[in-house]
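Read off the chains here:
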Amino acid sequence: MTVRIGAGAGFSGDRIEPAVDLAERGKLDFLVFECLAERTIALAQQAKLADPRAGYDTMLERRMRAVLPACRRNGTRIVTNMGAANPVTGAEAVRRVARDLGLSGLKVAAVTGDDVFDRVGELPLAETGCTAGALGERLVSANAYTGASGIVAALDAGAEVVICGRASDPALFLAPLVHSYGWAMDDWTRLGRGTLVGHLLECAAQVTGGYFADPGIKDVPDLARVGFPLAEVDADGNAVITKLAGTGGMVTRATCTEQLLYEIHDPAAYLQPDVVADFTGVTFEEIGPDRIAVTGGKGHPATGRLKVAAGYRDGWIGEGQISYAGSGCVARGRLAIEIVGARLASCNGEIDEHRGELIGYDSVVGPTGRDGPEPPEIRMRYAARCRTRDTAARVAEEVEGLYLCGPSGGGGVTGRIREVIGIASGLMPSGSVSQSFQLIEA
Amino acid sequence: MKLRDIAHARTGDKGDTTNIAVIAYLPEDWSRLKAALTEERVTEHLGAAPGSVTRYALPQLHALNFVIQQALAGGVTRSLALDAHGKCRGATLLDVDL
Numbered sequence: 000m001t002v003r004i005g006a007g008a009g010f011s012g013d014r015i016e017p018a019v020d021l022a023e024r025g026k027l028d029f030l031v032f033e034c035l036a037e038r039t040i041a042l043a044q045q046a047k048l049a050d051p052r053a054g055y056d057t058m059l060e061r062r063m064r065a066v067l068p069a070c071r072r073n074g075t076r077i078v079t080n081m082g083a084a085n086p087v088t089g090a091e092a093v094r095r096v097a098r099d100l101g102l103s104g105l106k107v108a109a110v111t112g113d114d115v116f117d118r119v120g121e122l123p124l125a126e127t128g129c130t131a132g133a134l135g136e137r138l139v140s141a142n143a144y145t146g147a148s149g150i151v152a153a154l155d156a157g158a159e160v161v162i163c164g165r166a167s168d169p170a171l172f173l174a175p176l177v178h179s180y181g182w183a184m185d186d187w188t189r190l191g192r193g194t195l196v197g198h199l200l201e202c203a204a205q206v207t208g209g210y211f212a213d214p215g216i217k218d219v220p221d222l223a224r225v226g227f228p229l230a231e232v233d234a235d236g237n238a239v240i241t242k243l244a245g246t247g248g249m250v251t252r253a254t255c256t257e258q259l260l261y262e263i264h265d266p267a268a269y270l271q272p273d274v275v276a277d278f279t280g281v282t283f284e285e286i287g288p289d290r291i292a293v294t295g296g297k298g299h300p301a302t303g304r305l306k307v308a309a310g311y312r313d314g315w316i317g318e319g320q321i322s323y324a325g326s327g328c329v330a331r332g333r334l335a336i337e338i339v340g341a342r343l344a345s346c347n348g349e350i351d352e353h354r355g356e357l358i359g360y361d362s363v364v365g366p367t368g369r370d371g372p373e374p375p376e377i378r379m380r381y382a383a384r385c386r387t388r389d390t391a392a393r394v395a396e397e398v399e400g401l402y403l404c405g406p407s408g409g410g411g412v413t414g415r416i417r418e419v420i421g422i423a424s425g426l427m428p429s430g431s432v433s434q435s436f437q438l439i440e441a
Numbered sequence: 000m001k002l003r004d005i006a007h008a009r010t011g012d013k014g015d016t017t018n019i020a021v022i023a024y025l026p027e028d029w030s031r032l033k034a035a036l037t038e039e040r041v042t043e044h045l046g047a048a049p050g051s052v053t054r055y056a057l058p059q060l061h062a063l064n065f066v067i068q069q070a071l072a073g074g075v076t077r078s079l080a081l082d083a084h085g086k087c088r089g090a091t092l093l094d095v096d097l
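Taken in order, these protein sequences are the chains called A and B.
Numbering (numbering that gives the first Met the number 0) for the first sequence: 0 to 441.
Numbering (numbering that gives the first Met the number 0) for the second sequence: 0 to 97.
These aren't lab readings, by the way, just hints derived from the structure by calculation.
Source: prediction; values computed, not measured.
Even for Gly, the Cβ is constructed at its ideal location relative to N, Cα and C.
There are no misleading hints in this set.
To list a few chain A residues with every Cβ distance to chain B over 10 angstroms, as calculated:
1. K26
2. D99
3. A223
4. E231
5. D289
6. K297
7. R304
8. S326
9. P372
10. P375
11. R388
12. S429
13. E440
SDA-like cross-link-like pairs, simulated, lysine to any residue; straight-line CA separation at most 25 angstroms:
14. B:K86 x A:I316
15. B:K13 x A:F116
16. A:K217 x B:H84
17. B:K13 x A:R14
18. B:K33 x A:E262
From just these sequences and the hints, can you work out the full model?
Put into structure tokens, the structure is as follows:
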């Protein structure tokens, strides 16, 4: 027997059709959607402050409408963190979609407990060097990266769709395995292997050929229709990573190795809420076309602490861009940077950090880019982190002003401003976070 | 010959830390990769702060993982960089001359 788990999304804006394909043809037991980035939950918390019904992922209804009919038909259960700052109203939204689709009786669970905003006052934050409480009214959100247990409990109770907020990404995949196989929560080896499977799947297409192609060296077939991955996992946590026949992309030792190390620091100690996973013995074996057997995952006892991410208002970023082309474009771009800098000098004290650069020349690679020949065109970019929205708007306006008052031949101005939600993190004893769930029926 | 001729790379980010995995295509290039791509070499090529780069090795996968602290101007949420995630960096590392 194996449990079949698919990845339906690897970030909040991910494509929808590959998930529908998995729901229809994947013979899946579980379909998991990972949609929360570091700052997403802080933005969702702000939306919830403005409207108590909001705060869940704005694509939740669209995604559920697309996959629920096939999931119901095929007995595939859904796990997702699209509840973001509001899993309860998120679950209610799923119930509305299910009723619209005539899927009566669909059981939807909201898992809560990750929101620790009410008890982080004394929590020291690494990045800010102060406690969360010291941020005062700037503090927007505080959520613990929870483990599998809340999701497992909801699945044990019969939930067909589980909506949670902040959970560690691999835990979304580990939970269905713990539920299906009854793994003990101190079975470190299996928890480590389940985490490994989750880590390989959590970024969806990043293990099936996405974020991989380099034409002529690393070619990937039909990326426009790249299939999302699924894993066939046995009772010991060993797995085969694969994708549906007829989809684009590929699953190879190389795609799996890249994803294994994606966002990993020490491969011997991948710190997770339920286990410290150890990837040092992992091997990948090609056992068929687009079929990679994964073995050798290990685990060690969990640390007993959970990472908490605190979101806080940190000013505004204003940015503007303008293009220059032909001989002398670099000098004209540099002159544009000087002009904007001089114009913004009067905002002294309102701007905490600024940056002027030439895209296509030194914006990504830094000063080393200036060693090469002058490119045929560049794009000047000026960005500044400001105390107020008005100052950020001024940055974009000063770049726009270059049209008539700047160097010759500047074109294609764009500008934007955005509020900065900083993220700082601390550690909290696992025992101070308790998860629970509510089950509702369509 | 460039690193790109024998290895591929993937970049990830967490907070203000970036990691770049560098993987040899062929087992026979593993020892060469491991010998050439030291912490010092990576620090120099990327212009990283001294002491900010740590290297981990996974010999059975012919892979190295470089973890670079304080590499993302405060992290993706507040960085002014165009590529705030630092995702372009792995490709620039593959330009190292061997």
